[in-house]
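Chemist: Got two chains here, separate frames each, mind docking them using the hints?
Chain order of the listed sequences is A and B.
One point on numbering: in the working numbering, the residue at position 95 of the first sequence is 95, and numbering is uninterrupted.
Just add 1000 to the spot in the second sequence (first one is 1) and you have the working numbering.
To be clear, the hints were calculated from the coordinates, so they are not data collected in a lab.
Treat the hints with caution; some may be incorrect.
Using C-beta positions, here's what the derived DEER-type ranges look like [said to hold, decoys possible]:
hint	chain 1	residue 1	chain 2	residue 2	range
1	A	7	B	1005	13 to 21 Å
2	B	1002	A	63	18 to 26 Å
3	B	1112	A	17	41 to 49 Å
Idealized CB from N, CA, C, for every residue including glycine.
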Amino acid sequence: EAGVTQFPSHSVIEKGQTVTLRCDPISGHDNLYWYRRVMGKEIKFLLHFVKESKQDESGMPNNRFLAERTGGTYSTLKVQPAELEDSGVYFCASSQGGLTNEKLFFGSGTQLSVL
Amino acid sequence: DQQVKQNSPSLSVQEGRISILNCDYTNSMFDYFLWYKKYPAEGPTFLISISSIKDKNEDGRFTVFLNKSAKHLSLHIVPSQPGDSAVYFCAASAYGNGNQFYFGTGTSLTVIP
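Just chain B, with the same shape it has in the complex (with noise of 0.2 Å):
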């Protein structure tokens, strides 16, 4: 059973424009979120977290908003650019649970020049 869900397999904004990319989780003992973005033939690369303690975090064009009580987190790119084009996968952990991280099934974001 998935514990962590990105319903959204895609995702097509213009360039300049904001991109907000969602993630469910059902796991109600998670208390650490990353996203992830990976371009083809690579890995995974680390983009930003956030901590339960914490509803927002930002990191230059990049800010992850958490909403504990509707167990949603996104991710929100602005403006976006060309560069952004990837998929952006959803992880999340739970304190005490050995540093096991759940993954979504990622979206793939395509930023239109």
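Just chain A, with the same shape it has in the complex (with noise of 0.2 Å):
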């Protein structure tokens, strides 16, 4: 079974730059999440999405991300125009859903670096 993919593994842009990152979940999972950890901190929460609807996205640090899910398959996370503070390592993790006390599954992350 294909693990959570995500694509690119790293990205370096320089600021006011856009930058899409995409994140391929494990077949049959309804739950995508994005999290976002800046060196050293914790790995935190930007939004869930339930099959295509956004269910969270208290996350969010600000209108310059835009995630999407379209068709409840594959998910995109946005970010444009790009500041030098969105640097870090971005996770996507998946779960079937539909289950109490689920695991979350990770992607290997894409590492963003704006400079």
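Modeler: Encoded structure:
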């Protein structure tokens, strides 16, 4: 069974540019999450999809961040325009949904560096 | 405001000895707790979990203890092995909170051969 895959693994962009991160969850997983970890800090929640609907986007830093999950399959996270403080590792995670006490399956992350 | 805290950024242990990683939380509504292990350049992988109806859960060399009154949990690894060297994250969630998980800052464990 394929795990959660993220693309690209690394991205280096200049301040003001646009970057789009992609996540393919485990097939059949309804729940998809985006998290971010800034070096040395906690893994911080950004948002949660249930199928194609945004269940909770309370962790999104500001309106420069836009997440989509068309058709309830893969998801994209766009940062436009990128700022220096957006640097960090962006993790995607998925879970099956409909169960109590589920666990999250994480991708390897996208290391974003904004210069 | 951080709801899950791991106050020890790093820990070094001799191979064969016990590793104890600690985690504190502030939200009394949390009822499900997990530990994740992360190697460099990889995503976190699930290690072990515990529900708030229990105070201990064991899986091989790994045991998680939960003290609800103190809002504290710990992960015990015994015996520690060099392959256990990784960053360990504690996470918590509350039933009915839409499956949102809160993570700590991680503890980097080094097991010395």
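Chemist: All hints, please: hold or fail.
Modeler: These are the hints, each one checked on the structure:
1. A:7 to B:1005: 13 to 21 Å: violated, 33 Å
2. B:1002 to A:63: 18 to 26 Å: holds, 24 Å
3. B:1112 to A:17: 41 to 49 Å: Given a distance of about 43 Å, which is inside 41 to 49 Å, the answer is holds.
Violated hint: 1 only; the structure is consistent with all others.
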